[in-house]
Amino acid sequence: MPRQSTAQGLLLAAIGLFFGLNALRYPVGTLARFGPGLFPLVVSAALLVLAVAMLVRSRFITSPPLHFNIRNIAIIMAALAGFVVVTTFVDMAAGIVVLVFTATLAGTAYHWRRNALVAAGLIVIALAFEQLLGLRLGVV
Amino acid sequence: MEMLNNLAFGFHHALSLDNLLYCAIGCVVGTIIGLLPGLGPLATISLLLPLTYAIPTSGALIMLAGIYYGAQYGDSVSAITMRMPHAGSIVACIDGHAMTLQGRTGLALFTAGVSSFIGGTVAIIVLAALAPSLGQVAILFGPADYCALMLLGFVCVSVVTTGSVLNGVAMCLLGVLLGQIGTDLDTGVQRFTFGLPSLMEGVSVVSVALGCFGIAELTKNLDAGEQRTPFGGTIRLMPSWPEFKRIIPSALRGSIVGSLLGILPGGGPVIAQFAAYGLDKKVSRYRHEIGKGAIEGVAGQAAADEAAARTSFIPLMAIGIPENPVMALMMAAFMIKGVQPGPNMIGDHPDLFWGLVASMWIGNCFLLLLNVPLVRIWLSIFKVSYGVLFPAILFFCCIGTFSINNNLDDVVTTAAFGLLGYVLMRVRFDPAPLMLGFILGPMLEEYFRRAMVLSHGDLLTFVQQPISATLVGFTCLLVIGQTAFAARNAFKADPKDGGNEDEIAGHSGRGPGAAVTADHAGAGIP
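These protein sequence lines map, in sequence, to chains A and B.
The first sequence begins at 7 in our numbering and counts up one residue at a time.
The second sequence begins at 264 in our numbering and counts up one residue at a time.
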C-alpha cells in the first residue's frame with residue numbers, strides 16, 4: 007500500500023489530469039474573450055501544480071500507510087444501487103426493503119427481524135412524507 | 264435607534280406562530296441529528312434540507328438557521344458527555360469531558376447552554392449593527408475584488424479547517440472543478456456531462472453535501488466499528504451561585520472574540536473556539552484550572568462558538584460571499600428558496616433579513632429553554648443501535664436527493680459523491696473546503712471572466728486595484744507564512760509524529776489558538 011501523502015498527490019494528479027484533458031475538448035479562447043474550456047483548464051492546471059507539490063512534500067515527511075477498507079463502502083454503494091434499480095422497476099417500498107437489507111450487511115451483526123422492523127418503519131415515514139409534506143415519492 | 268426599529272420589525276415578523284414553530288422544530292431536530300456520531304453541521308443541514316422544501320421562504324430560512332444552531336449545540340453535547348467531537352467541537356472535548364469525568368456533566372452542559380446564549384446575544388447586536396453598513400462597502404467591490412476575496416476565503420478556510428494550505432486549497436479547487444459540471448451559462452456548451460442528461464443542469468449541492476458528508480461519514484463510522492458507550496451518568500443541571508458567577512466573564516470574553524473572528528474570511532466557529540480558549544488560558548482568574556475541567560474552559564469556547572456561528576452570516580448577507588463551508592451550504596439553501604444573499608438582500612427582503620436576525624435570538628432562547636433541560640431525552644438516541652440508525656440515515660440521504668427533482672438519477676450522483684468523499688477521507692483529505700469551492704466555483708468563474716473582459720485580458724488588474732491588491736497581498740502573506748511554518752515543523756517533527764504534522768502546524772498558526780495546541784495534542788483528540 008502506498009503512503010497517505012503519496013496517495014494524496016496521486017489522487018489529485020489523476021483528477022486534475024482528467025478534468026484538464028477534458029477541458030481541452032472545449033474551445034479555450036483568450037483571456038479577454040473566454041471560451042468554455044479556459045476556466046476549467048486554469049483550475050485543473052492549478053490542481054496539478056498542487057498535486058506535484060504534494061508528491062514532492064511526501065518525499066520529505068513520513069506519513070502513515072494508507073488504510074483502506076473496501077468492504078463497507080462497496081456494500082453501501084451496492085445498497086444505493088439496489089435502491090435505485092428496484093425503485094425504478096418496482097416501487098419505493100421495495101427499494102427501501104432492498105436498501106435496508108443490503109446496507110446492514112456492513113454492520114457488525116445481522117438481524118433479520120430488526121431489519122424487517124427498520125424497513126417497515128422507514129416505509130411508514132416515507133408514506134408520511136408523501137401525505138404530510140407533499141413529497142411525490144411513489145412509495146407504493 | 265434605526266437598529267432598534269429594524270430589530271422590532273424583525274421580531275414582529277419572526278414572532279408569528281408559524282415561524283416560532285419552525286424555529287423550535289429546527290432547533291430540536293438539529294440538536295438530535297447533530298448528536299449522532301459523525302454528523303456535523305454540514306451533514307445535518309444537508310440531511311434536513313428537504314424538510315424545508317414545502318415551507319414558505321421565511322419560515323424555511325428561520326428553520327435552517329435553527330437547525331444550524333441546534334446541530335452546533337448537539338455537537339458540543341456529544342463532545343462533553345462522550346468526547347465524540349465533530350469538526351465543530353474539538354475544544355469542548357477538553358474541559359467539557361474533563362468535567363464529565365468529575366461527575367459535573369450537568370454543570371458543563373448548563374455552562375455551554377448559557378454561554379451559547381450570551382455569545383449569541385452579543386453576536387446578534389454586532390450583526391444588526393454591522394450588516395447593513397457592510398452592505399454599503401460591498402457596492403465598492405468590482406469583479407476583480409470579488410475574485411481576490413474568494414481566493415482569500417479559500418486560503419483562510421484551508422488554514423482553519425484542515426490546517427494545511429496545500430490540502431485545503433486543493434480541496435477548494437476540486438470543488439470548483441466539480442462546480443463546472445453542467446451547461447456553461449455563457450456559451451451554452453455542456454462541460455463534463457459525458458452525454459448524461461442528469462448532469463446537464465449541473466450537480467445539485469444536496470448531492471455533493473449528502474454524498475461527501477452524509478454517506479462518506481456514515482461509511483467511515485462503519486469502518487470504525489460500533490464502539491460507542493452511551494452516556495449513563497447523572498445530570499444535575501442547576502449550578503450554585505459561585506459557579507454561575509464564573510460563567511459570565513468568560514462567556515463575555517468568548518462572545519467578543521467569537522463575534523470578531525466570525526466576520527473574517529475563513530473565520531467561523533472552529534477558529535473562534537480555539538482563540539477564546541487560548542485567551543481564557545492567558546487572562547482568566549482560574550487559568551491554572553483550565554484543561555482540567557474548569558467552567559471557563561467550557562464557557563469561553565461555547566460563547567465564541569455561538570457568536571462566530573452568527574456573525575459568519577454577516578459576509579454572506581452583506582457581500583454575498585460565504586466565508587466558510589457551512590455558510591456556503593446556507594447560501595445554496597437560500598438560493599433553492601429563491602433568495603440571493605448579498606447587498607440587495609437587506610433592501611429587497613427586509614422582512615427575511617431582519618426576521619432571520621430576530622429568529623436567531625429566538626432560536627437562542629429555544630436552545631436554552633428546550634434543549635438544555637431536555638438534554639437527557641436527546642441523549643437517549645445513543646441507546647438506539649447504530650444498526651438501526653445507519654440504514655435510516657442512508658434512507659434520508661436517498662429521500663433528500665430524490666425529492667429535489669423526483670429523479671432517481673440524482674441518487675446515483677449522490678452515491679458517486681459518497682464514494683468520492685469516502686476516498687478523500689481515507690487519504691486524509693478533509694472534504695469540507697470542497698463544499699466552499701463547489702458553491703463559489705461558478706461565481707468565481709463569472710467574476711474572473713468579467714474582470715478579464717474589463718481589463719482586456721490583463722491579469723495585472725488584480726494587483727492594480729487597491730481592494731483586490733490588498734486582498735491578494737493578504738493571501739500571499741498567509742500562503743508564504745503557512746508554508747514556511749509547515750516546512751519548519753516538517754523538518755523538526757519527530758518521525759513518529761509525521762502523520763500529525765499538518766494538523767499541529769495548522770492549529771499553532773492561529774495566534775491565540777497556539778496556546779491550546781499542547782493541550783489539544785496531549786488530550787489525544789483525533
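Keep in mind that the hints were calculated from the coordinates and are not lab data.
Just so we're clear, the structure is a prediction, and the values are computed from it rather than from any experiment.
Glycine included, C-beta positions come from ideal geometry on N, C-alpha and C.
Do not take every clue at face value.
Stretch by stretch, here's where chain B covers chain A in the computed footprint (C-beta under 8 Å, at least three residues) [stated by the list, open to error]:
1. 48-55
2. 132-140
To spell it out: a stretch of chain A is covered by chain B in this simulated footprint if at least three of its residues, at any positions, have a beta carbon under 8 Å from a beta carbon of chain B; those stretches are [to be verified]:
3. 81-88
4. 111-117
Derived CB-CB ranges, DEER-like [to be verified]:
5. B/Ile644 - A/Gly140: 34 to 42 Å
6. B/Asn668 - A/Gln137: 18 to 26 Å
7. B/Gly405 - A/Arg39: 36 to 44 Å
8. B/Thr746 - A/Leu139: 34 to 42 Å
9. A/Leu72 - B/Arg639: 21 to 29 Å
10. A/Thr94 - B/Met501: 39 to 47 Å
11. A/Leu72 - B/Leu459: 27 to 35 Å
12. B/Met463 - A/Gln137: 29 to 37 Å
13. B/Gly458 - A/Ala87: 16 to 24 Å
14. B/Leu284 - A/Thr94: 33 to 41 Å
Against the structure, the hints:
1. 48-55: holds (count 4)
2. 132-140: holds (count 4)
3. 81-88: Coverage by chain B holds here, the residue count being 5 at a Cβ distance below 8 Å.
4. 111-117: holds (count 5)
5. B/Ile644 - A/Gly140: 34 to 42 Å: 27 Å, violated
6. B/Asn668 - A/Gln137: 18 to 26 Å: 21 Å, holds
7. B/Gly405 - A/Arg39: 36 to 44 Å: Roughly 19 Å apart at Cβ, these two residues miss the hinted range, so it is violated.
8. B/Thr746 - A/Leu139: 34 to 42 Å: 49 Å, violated
9. A/Leu72 - B/Arg639: 21 to 29 Å: 42 Å, violated
10. A/Thr94 - B/Met501: 39 to 47 Å: 56 Å, violated
11. A/Leu72 - B/Leu459: 27 to 35 Å: 31 Å, holds
12. B/Met463 - A/Gln137: 29 to 37 Å: 32 Å, holds
13. B/Gly458 - A/Ala87: 16 to 24 Å: At 20 Å between Cβs, range holds.
14. B/Leu284 - A/Thr94: 33 to 41 Å: Once the Cβ atoms are compared, 37 Å apart, the range 33 to 41 Å for A/Thr94 and B/Leu284 holds.
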